[in-house]
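Colleague: Position chains B, C and D relative to chain A; hints supplied.
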Amino acid sequence: MRIIAVAAGCLALASCQTGKENLRPAPARLAVYSDAARESQIQPGGALTEPNVTNPDYGSAFAISEGQRLFDWYNCSGCHAHGGGGIGPPLIKTQWIYGGEPANIFDTIVKGRPNGMPSWGGRIPQYQIWELVAFVRSLNHEEPTASTAPRGDNIEINPANITNKAQGETK
Amino acid sequence: MSTLAELPSPQLAAELEAEHQALRRVWNDRGGFWGWFSVTTHQAIGMRYIVTAFIFLLLGGVEALLMRFQLARPENTLLGPDLYNRIFTTHGTTMMFLFAVPVMEGMSVYLVPLMIGTRNVAFPRLNAFGYWMYLAGGLVLYGAAFFNALPNAGWFSYPPLSGPQYSPGKGVDVWAQMITFTEISAMCVAVEIIVTIFRMRAPGMSLNRIPLFCWGSLVQSFMVIFAMPSVMIASTVMLLNDRTIGTHFVNPAEGGDPLLYQHVFWFFGHPEVYIIFIPALGMISSILEADTRRGVLGYPAIVLSQVATAFIGFGLWVHHMFATGLPQIGEAYFTAASMMIAITTGIIIFCWIATLWSGRLRLTTALHFVFGFLFIFVIGGLTGVMLASIPLDLQEHDTYFVVAHFHYVLIGGALFPLFGAFHFWFPKFTGRMINETLGKITFWMLFIGFNVTFFPMHILGLNGMTRRIYTYPVEMGWGPANALATVGACIIALGGILFIANVLNSRKNGKVAGSDPWQAGTLEWAAASPPEPYNFVRLPVVNGRYPLWLPAEERAAVTGMRTDKREILITASVDAEPQFLHVLPSTTIWPFLAALGATIGLVGSILTFSWYYVAVVLAGIGLLGWFWPRRPLEQEG
Amino acid sequence: MKRRAIASFFIAAAITLNGCMSTRQSALDATGIEARSILHLWWFFLILLGTIFAIVMILTLGALLRRQPASERQFVEQHHTPPQERERKLSRMVSGAGVITGLILFALIVISVITGKSIAPSGASNALLVTVHGNQWWWYFSYDNDDASKIVVTANELHIPVGRPVLIRGTSLDVIHSFWVPNLMGKRDLIPSRITEEYLTADRPGRFRGQCAEFCGLEHAKMALWIIAEPPDQFQAWMNQQLQPSVAPDDPDKQRGLQVFLNHECIFCHNINGTPAHGQVAPDLTHLASRSTIAAGTLPNTKGNLAGWIADPQRIKPGNYMATVPLESGDMQPLVDYLESLK
Amino acid sequence: MTPTRTLELSGLPRYDISNRDPLFFGQVLLCCIEGSMFCILMAIYFYLRLSVDVWPPPGVQLPHVTAPTIALVPLFLSALGSYWASQGAKKNDRPAMLVGMIGNLILGFIFIGLRYREIATLNFKWSTDAFGTITWTILYLHTLDVIADLMMTVVLTVLIALNRYGPKQRIGVHVDSVVWYFLVAIWIPMYFVLYWGPRWVGTP
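Protein chains in written order, with my numbering: chain A, 1 to 171; chain B, 1001 to 1637; chain C, 2001 to 2343; chain D, 3001 to 3204.
Rather than coming from a laboratory, the hints here were simulated on the basis of the structure. One thing to keep in mind: the hints can contain errors.
[Claimed, not checked] Facing chain D, a subset of chain B residues (Cβ under 8 angstroms, in silico): (1) 1073; (2) 1194; (3) 1225; (4) 1233; (5) 1237; (6) 1246; (7) 1249; (8) 1256; (9) 1257; (10) 1326; (11) 1558; (12) 1580.
[Claimed, not checked] Here are the in silico distance ranges between beta carbons for each label pair: (13) 2333(C) with 141(A): 40 to 48 angstroms; (14) 2145(C) with 1328(B): 27 to 35 angstroms; (15) 1328(B) with 2107(C): 17 to 25 angstroms; (16) 1328(B) with 2099(C): 23 to 31 angstroms; (17) 1512(B) with 3148(D): 44 to 52 angstroms; (18) 2107(C) with 3005(D): 53 to 61 angstroms; (19) 2068(C) with 1580(B): 47 to 55 angstroms; (20) 3020(D) with 1562(B): 15 to 23 angstroms; (21) 3091(D) with 1512(B): 50 to 58 angstroms; (22) 3005(D) with 1512(B): 27 to 35 angstroms; (23) 3201(D) with 2148(C): 36 to 44 angstroms; (24) 3201(D) with 1328(B): 54 to 62 angstroms; (25) 1024(B) with 3020(D): 26 to 34 angstroms; (26) 3020(D) with 1300(B): 25 to 33 angstroms.
These figures come from a predicted structure and were not determined experimentally. All C-beta atoms, glycine included, are put in the ideal place defined by N, C-alpha and C.
Bound conformation, chain A alone:
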């Protein structure tokens, strides 16, 4: 029985964040960083360039999955593919041009970067940026395995493919 308790404890450690679902973001998490080009350190929610800012969504399977959806919906995959890169740099890697800490990725999304990465500040609220950060980091196994999906369910985004398939053609 004690061993079960220990095993349950391990499960608890790994999944207390895993199971968390914030369906309705708290008002504080709705902040939008409208001043995308600003270089000042003072921002709502604390100094973001500080590399030791932790992602409030760290380890949340729900947030990672939301981030995965937004990654497609906001067409990040248009440039970065599904993490492999294309027009934009690949996101599955060890070398980060602008830093790979949560705060750096957050900063990159908010401010944009030269050579094509648009600034998402002013458009999407803080909570979604953190979800995207969590997803991007999960691509590099920097989120707990227990909260990361091993594969997506990216059923053809383009419905035309399905029609073709139904008519007997292969993709």
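Modeller: Below, chains B, C and D alone, put in the same frame as chain A:
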């Protein structure tokens, strides 16, 4: 030992008393803390199954009440969508996997050795292992509640909704692994029940003399053997691996198919209904025999119908998938097969009605439940015929009509017989009579409450109320019928409380029952109430289908078996001629330890695949201890 | 408690009967050709099976209530079986009942297969082809047309002409959904990577509600749709109007509303023809104001509701994918004014 | 009411090392469970095969056929070892049991070695696509079963070698051989499905 007092010769009485003492020494389980984990007698384990399953019934019932309160009025905000989804998933899962199947298994484990006249099941340690796995599975599911990881994708968890992307978190993994636990347990019981019935019947109990309840258990066990692997594949292999290591069984982007899961799941899921229902048929037959004072009319017809039901039951899984738009010719076949099953169940019911007509009725609580069963189950069966018709199914599928249908079939077809059986065998389980007046009040509360709850759901379904919705707008007009259903659910709950109170009270204060309070005909009533751990001082010899209804001078018993070992008699599979003697293992802690090892590994594997290896190694160590020969070794020769 | 229960029961009964009069969402109130043939089959089944149920119950109660002769009683108590002759007679009756059951079921199978054939998808030449995509938790509809510029796309509300068969060709882009408008036709699952089809034909004008019938996640309960059946000329007029690009904002307030729309997250997901907004993952808003509900049938389409929905979608439909977009004070009114002008 | 008439059975044998033992029945039922699992997996294989045009999908090599075909030889021969051991068990012939089981073990581990080599050279993983998934699953589960039964044989061999055995262990040897026959037999259809199936009914 009231039975000994009636014996003719004092010398024989002394002999029997000595055998009884010796058997008691050999068969009594060890006491103490570790002794509790080492039990291997079938009465103890059967009772643990039954009690544990009733606790899960209680939990599932509380969940049902919560859902009913949420739906009692339109736009209710008692439970949010997330909590509601988790609760209905847990309710369905609990009722199917942690209550209905295990409780039927528990009844079989307890009653089958008594009814066929032997001392234990064929594999007592496997039996213990199966129980511990079942308990662990239940604890895993409910333990997950503390980690916000209750499953939320429905009790059949269709992908892609239950897949890695649309069900983040560990809920569905917990669900899938819980299935592994309960299926291992079900398979353990199935194997030992089949072997027990085939190899360990009392001398003379040829196949055509097996009590109908045992036929039910036998058919059910065979169904478990062939159906349960399918759900292991669906949940553990397909779903869990898709979710944890990225396989593509159901991922259409890489050549998988979400419908494949549905096929594999329902290839198990439909037989599952009969796995629950067929033992209940056996219970009804047993109650009827005792309370009509006659053997059931058409014994061969009932047996063959049960077997046929089992066979057909494997051929109609697609009727759960009519709305998915499969090819028409196949659908017509599945319509026909689904309706055919009404013939076999119909014949069984006609046999029972004929039995009732020609018997001498004794209106016990148990017989009340049989009548309740007939009313409810016939409605459920007839709505089932409707659902087998594709056009009607297209309208009724996944609505409250289906919810009503399967509650009529499962509560009517399994829970009512089970409650009847529990009242009927209560004296055997506890040695005391259950209070019949309270029992009848319980029956009426359950019967009325049930119909008030579920009958309006037929109408709700036809009026477009779909399954698994956590709320509905006022304009739909579903409010009153839902309110009524909630009232009915409260009546059921009160009936349940009364039942528990009656059981607890009668256990202490009921009238002492004696070995055969109902003057029934089958062997379990020849054992003491409650049975001694070895069941019979001397194994009975059987000369007819209802041995206890034969004149006393025609009865016989086996002598010459050792009383210093847990020895049982192996008889021929068909005609039950004695073949050889066989020693069963004694109490042992190893099944518990093996189950514990498997549990640790399987729980870990919810997080990471490699924990399966831990499960294999730990369970392997458990099995090693389990099978390691004890000194002194069995003598040769 | 009891009186309330009785009262509610009568209300429920009254509603059931009443259901046949109005066009509430119900399989018992068929307004389409397909639904009607299913309904006829249903009444046939109900009457036949109801009779069988009554007979079985009479037989059961007969066993309970009949007065048993003392001789018979004694015989059973003694021999644990009735006299042989009686047993044989009962067995014959059981066999007879079994045979009759078989015959009735055979008839039911035949009639059910025939009905099934009559409603099954087969090539109706003049059918209107509509593609439906189930999404978590809304419906995408597009009217097929060889000319790509004439494809009408809408969401959650489907207009169909009365009397003309409509071929619903569906799939899903996320999880399995099920398309169901009970007044018109049974349900059809929408399955990722598969195409499923069904025909429905409205035989009178009206508004018919449907909803998703396959559990599809958090907001499965709030995934409704409306089918509006109209006479063909009205339907054509509606189509023509839907083909127009969106109404350009004609006053500063609405112009500001459009700017708010374009400058916020809205633009990533929603499409409004005639503006730069071309998001494809959420309902098309080009003619939002022509629809009667928002959020997949969750709320009536009014300015107040729309404002409430935009301000806090997670309160109204917790878990849905509409982002909570923080707006500056003063932005909401123009935005709502603009959206509600998109006739 | 214990009856007075008796059936005297003290002369019955105390065990029977044959297919009449309950353990044999139980093991046959466990094999039925395993067998239905593998049948369902093969059904899944064909279901997935039939739902695509190209099998295996582009970019995936067929599993090599040579190594698994060679591996059939030790597999079949090892069944003879099992048979030898089970005959020995029935006759209580300790050397025969030992020879049979050790032979079975050696050949069994050769088979596992070849299986390991084969798996190591597959150019796809379970996470590549549906073809990889089902092929890996069948291979993995069968390998796991074979290893589990070999472990059981190791334990029994040790017991017999230590002379620490009685009738129960002899029945164990007999039943162990039955399991091995099952694992050999069930592999035959799966061998054809996995290696020849895609070659005969796959796309050229």
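Colleague: Any hints from earlier that this structure breaks? Give me their numbers in increasing order, please.
Modeller: 1, 10, 24
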